[in-house]
Amino acid sequence: MQAADWTKTGVKGEVTYSTFGCNPFQESNFPTPDRVAPDVNVERHMDVSLDLPTPDGQKIRVWTFTDPLAPTVAGRAPMHPAPLMRFREGQIVHSTLDPKKNAHTIHHHGIEPTTVNDGVGHVSFEVNARYTYQFRPSRAGTFFYHCHRNTALHFEMGMFGPMIVDPPEGPGTLFSGGPKYDVERLLVLDDMDPRWHTLEHDAGMCGLDVGLNRFDPKYFLANGVFNNRTTTDPRVVINAKLGQTILIRLLNASYSVLETTIGLPGVCHSMDGCSLGTEPWSSPLPLPANRPFTMSTAQRRDIIIRPTARGTFPVRFRFLHWVNGKVQDNGRGIVDTRIIVS
Amino acid sequence: MDRRKFLKASAVAVGAAALPAMATAQTTGGTFDLTIEAVDSEMIDGVFVFSLMFFDRSEEGRPILEVTEADIVTINVTNLDTRPHGFGIPGIPAASVASIPPGGSATVRFTAPVGGTYMYIDPTLAPLNRILGLYGAFIVHPKLGTTAAGSPTPYSRSTHTPQVAALFNALGVHKRFPGNKWVPRDVERDKLWLFSQVDPLIAARVDAGEVIPPASVVPSFLPRYFMINGLSGYDTAPHKIDASLDWSKGSGRIMPHGREGQPTLIRNMNAGLCTHSPHIHGNHIFKLSDTRADGTVVLNTSCYELDAWPMEPMARRDVLLPFEKPGDAVVWPPKEEPFPMRYVMHCHTEMSQTAGGGNYPQGMVTHWEMTGPL
Ligand SMILES: [Cu+2]
Ligand SMILES: [Cu+2]
Numbered sequence: 001m002q003a004a005d006w007t008k009t010g011v012k013g014e015v016t017y018s019t020f021g022c023n024p025f026q027e028s029n030f031p032t033p034d035r036v037a038p039d040v041n042v043e044r045h046m047d048v049s050l051d052l053p054t055p056d057g058q059k060i061r062v063w064t065f066t067d068p069l070a071p072t073v074a075g076r077a078p079m080h081p082a083p084l085m086r087f088r089e090g091q092i093v094h095s096t097l098d099p100k101k102n103a104h105t106i107h108h109h110g111i112e113p114t115t116v117n118d119g120v121g122h123v124s125f126e127v128n129a130r131y132t133y134q135f136r137p138s139r140a141g142t143f144f145y146h147c148h149r150n151t152a153l154h155f156e157m158g159m160f161g162p163m164i165v166d167p168p169e170g171p172g173t174l175f176s177g178g179p180k181y182d183v184e185r186l187l188v189l190d191d192m193d194p195r196w197h198t199l200e201h202d203a204g205m206c207g208l209d210v211g212l213n214r215f216d217p218k219y220f221l222a223n224g225v226f227n228n229r230t231t232t233d234p235r236v237v238i239n240a241k242l243g244q245t246i247l248i249r250l251l252n253a254s255y256s257v258l259e260t261t262i263g264l265p266g267v268c269h270s271m272d273g274c275s276l277g278t279e280p281w282s283s284p285l286p287l288p289a290n291r292p293f294t295m296s297t298a299q300r301r302d303i304i305i306r307p308t309a310r311g312t313f314p315v316r317f318r319f320l321h322w323v324n325g326k327v328q329d330n331g332r333g334i335v336d337t338r339i340i341v342s
Numbered sequence: 343m344d345r346r347k348f349l350k351a352s353a354v355a356v357g358a359a360a361l362p363a364m365a366t367a368q369t370t371g372g373t374f375d376l377t378i379e380a381v382d383s384e385m386i387d388g389v390f391v392f393s394l395m396f397f398d399r400s401e402e403g404r405p406i407l408e409v410t411e412a413d414i415v416t417i418n419v420t421n422l423d424t425r426p427h428g429f430g431i432p433g434i435p436a437a438s439v440a441s442i443p444p445g446g447s448a449t450v451r452f453t454a455p456v457g458g459t460y461m462y463i464d465p466t467l468a469p470l471n472r473i474l475g476l477y478g479a480f481i482v483h484p485k486l487g488t489t490a491a492g493s494p495t496p497y498s499r500s501t502h503t504p505q506v507a508a509l510f511n512a513l514g515v516h517k518r519f520p521g522n523k524w525v526p527r528d529v530e531r532d533k534l535w536l537f538s539q540v541d542p543l544i545a546a547r548v549d550a551g552e553v554i555p556p557a558s559v560v561p562s563f564l565p566r567y568f569m570i571n572g573l574s575g576y577d578t579a580p581h582k583i584d585a586s587l588d589w590s591k592g593s594g595r596i597m598p599h600g601r602e603g604q605p606t607l608i609r610n611m612n613a614g615l616c617t618h619s620p621h622i623h624g625n626h627i628f629k630l631s632d633t634r635a636d637g638t639v640v641l642n643t644s645c646y647e648l649d650a651w652p653m654e655p656m657a658r659r660d661v662l663l664p665f666e667k668p669g670d671a672v673v674w675p676p677k678e679e680p681f682p683m684r685y686v687m688h689c690h691t692e693m694s695q696t697a698g699g700g701n702y703p704q705g706m707v708t709h710w711e712m713t714g715p716l
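Same order as they appear, the protein sequences are chains A and B. For what it's worth, my numbering labels the leading residue of the first sequence as 1, then goes sequentially. For what it's worth, my numbering labels the leading residue of the second sequence as 343, then goes sequentially.
Any given hint could turn out to be false.
In the DSBU-like style, the derived pairs of lysine-lysine whose C-alpha atoms are separated by at most 30 Å in a straight line are [what the hints assert, rightly or not]:
(1) B:K629 - B:K517
(2) A:K8 - B:K485
(3) A:K59 - A:K101
(4) A:K100 - A:K241
(5) B:K629 - A:K180
(6) A:K8 - B:K629
(7) A:K100 - A:K59
(8) B:K485 - B:K629
(9) B:K485 - A:K180
(10) A:K12 - B:K582
(11) A:K59 - A:K241
(12) A:K241 - A:K326
(13) B:K677 - B:K517
(14) A:K180 - A:K100
(15) A:K326 - B:K677
(16) A:K241 - A:K180
(17) A:K180 - A:K326
(18) A:K218 - A:K326
(19) A:K218 - A:K59
(20) B:K582 - B:K485
(21) A:K12 - B:K677
Everything labelled a hint here was simulated from the structure, so no lab data went into it.
Sequences are here, hints too, so could you generate the full structure?
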């Protein structure tokens, strides 16, 4: 491995209007500082070839991260959102990005690493070829990861995936000392503006007006499922037996204000990967049935639901415009799904 | 590229230039003299946009007005624009003037309320005059801000909740927070992020003399520039830090900066029309305050830790950046990676990261610096 030259990065290099924006620092095979032996390795490559068939009979191109270490062919294939990363609290994680083409980064959102392991080009560097991000998750909760180059575009194009940190006890417990659950459902809510999906990798970065200030989504998805199928698709619908405890991990990966209404009462036990009620300055947040609550972009909520009766209960997500507050796409920006208690 | 010129329209004739960012006006007997003026304001990409701004005698835009609870505050407002304007501070009913004619002046006099973060605006033709640029920060420091246990806070003791008191009491004591208490009246520990957006088209229509119905503003608003304290992108953080840097204003008032264990208050406000989702890297923040429907400050009964938090139009929400050791670093302090640790803060509703339709990330972004370990 080469020695680290910090002057070619945002760490010790001169930050100018250009390196801040149009020409951010980029590195290939930069040595991870303070590298130690990992407990777990994950790797991500880039894919820009995935077309999703839309409810109106079109196709929309998405970009994603793939997992070359997945044990199955299906697991290695491009998918949207990008594959889940799942770690145990306290594990030393090596998360390696090898974009293969163009520069990208991985920002592990909600993780608090050192600067070079945080994946932001203008304060460190973007990755041309292979960099291993190193961190040790210290809190159990719901996170995600995404590219941080031309982020407005790359995140919207689908370059994100969910990330869960389990407590040392493993899945089934939200965090040490926190609630246990029997049924887990991660719900990643997203919206897409098809106009954005025709743009180039570097669109707008060096001064061109490509309209990235305008976002008019036409497609609304949960877990990569378009909203015409979210009430039935098993990737979205929540099935539980009476007596079981449900954990819903919500992530707003859209550029809308996300309004959620759940037809069952629940309690929010963590937000943005941080437990509530484990220290005297915070407490869990009760969520009465059918009372809407909102989340702005990138927020996460971990909600525990203990149904007391059998039945089918609605869950509705309304995607609200960031200026006028109206439901996007003339009222069509809604994802519905269900909790079925049998 | 020459992007620094910020020309007050009224001063163009004599060639005087002013600074783009917010100035600070520490109270001198609680009296402030403000003017309302039309300016041509240069955006981060070099485009000039018609704006309206408050100035004070320092010739710098949007002065940060700082007072102490129970001060008798006098604000004289002179309207140097060609259109009528007004003045108001939501949450302080006595601080309002319904209308000031072109060339006219008005005075508000009131007793400073409890400690907290307030916004002065021109509330007339709402939201039009505000989004053209007529807003600024009004900060009230508490008369008695310590908790019963003696920990300094930015809030009047009578308004403390047990949770806010517990959090400030934990600083420097709790195993999570080795280091310092929060330090009051220190601009390095008291930052301001006043968000706004600019729609050049609406601005040009006003400049051309068009009468814009206020109710049409929200439906037609298409922002192209996104600001913190009037600054965008590269301009939102000082890139050279030395003894001459003034932390009380400009980018110095935006960028949190300190060692591990120096908790820092960040006062968030949104003068614009977009709901932002500020997201911070490196640490999570603790949410401290909100406002009631009448604009008064209310402290939280649960100080949630968040890495992204909603900022809807006219929201005022203080957060505490703990300057904790980044919790997930494997080796701390790092041996091979040099300080400062530098972490960005940006709105995650990423249309806000653009300028002029592209130019990522010359929008609503800044960063904070941790200069060393405990
Ligand atoms: Cu993020
Ligand atoms: Cu980010």
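Hints, verified against the model:
1. Restraint check for B:K629 and B:K517: satisfied, since their Cα atoms lie roughly 20 Å apart, inside the 30 Å limit.
2. Taken as a hint, the A:K8 and B:K485 pair is broken in the structure, with Cα atoms around 49 Å apart against an allowance of 30 Å.
3. Distance hint between A:K59 and A:K101 is fulfilled; the C-alpha atoms sit about 23 Å from each other, no more than 30 Å.
4. For a cut-off of 30 Å, the pair hint linking A:K100 to A:K241 is broken: about 45 Å separates their Cα positions.
5. The suggested pairing of B:K629 with A:K180 holds, with an alpha-carbon distance near 27 Å, which does not exceed 30 Å.
6. Only pairs whose Cα atoms come within 30 Å are accepted, and A:K8 paired with B:K629 is rejected, the gap being roughly 37 Å.
7. A C-alpha spacing of about 25 Å is found between A:K100 and A:K59, which places the hinted pair at or below 30 Å, so the restraint holds.
8. A distance of roughly 22 Å separates the Cα atoms of B:K485 and B:K629; the hinted pair therefore holds under the 30 Å criterion.
9. A threshold of 30 Å between alpha carbons decides the hint, and for B:K485 with A:K180 the separation of about 46 Å lies outside it, so the pair is violated.
10. Our distance criterion of 30 Å between C-alpha atoms is met by A:K12 and B:K582, whose separation comes to about 12 Å.
11. Between A:K59 and A:K241 the CA atoms are separated by roughly 37 Å; this puts the pair beyond 30 Å, and the hint is violated.
12. Straight-line distance between C-alpha atoms of A:K241 and A:K326 comes to about 36 Å, which puts the hinted pair past the 30 Å bound.
13. As the CA atoms of B:K677 and B:K517 are separated by approximately 23 Å, the hinted pair is consistent with the 30 Å bound.
14. Pair hint A:K180 plus A:K100 does not hold up; C-alpha atoms about 41 Å apart against a cutoff of 30 Å.
15. Distance restraint check for A:K326 and B:K677: the Cα-Cα separation of roughly 51 Å exceeds the 30 Å cut-off, and the hinted pair is therefore not satisfied.
16. Note on A:K241 and A:K180: the hinted pairing holds, with a Cα-Cα distance of about 15 Å set against a maximum of 30 Å.
17. For the hint pairing A:K180 with A:K326, the CA-to-CA distance comes to about 37 Å; that exceeds 30 Å, so the pair is violated.
18. For a cut-off of 30 Å, the pair hint linking A:K218 to A:K326 stands: about 14 Å separates their Cα positions.
19. Taken as a hint, the A:K218 and A:K59 pair is honoured in the structure, with Cα atoms around 13 Å apart against an allowance of 30 Å.
20. For the proposed pair B:K582 and B:K485, the alpha carbon gap of about 35 Å is over 30 Å, so the pair is violated.
21. Using a Cα cut-off of 30 Å, the hinted pair A:K12 and B:K677 holds, with the two alpha carbons roughly 15 Å apart.
Checked against the numbered hints given earlier, the structure breaks hints 2, 4, 6, 9, 11, 12, 14, 15, 17, 20 and satisfies all the rest.
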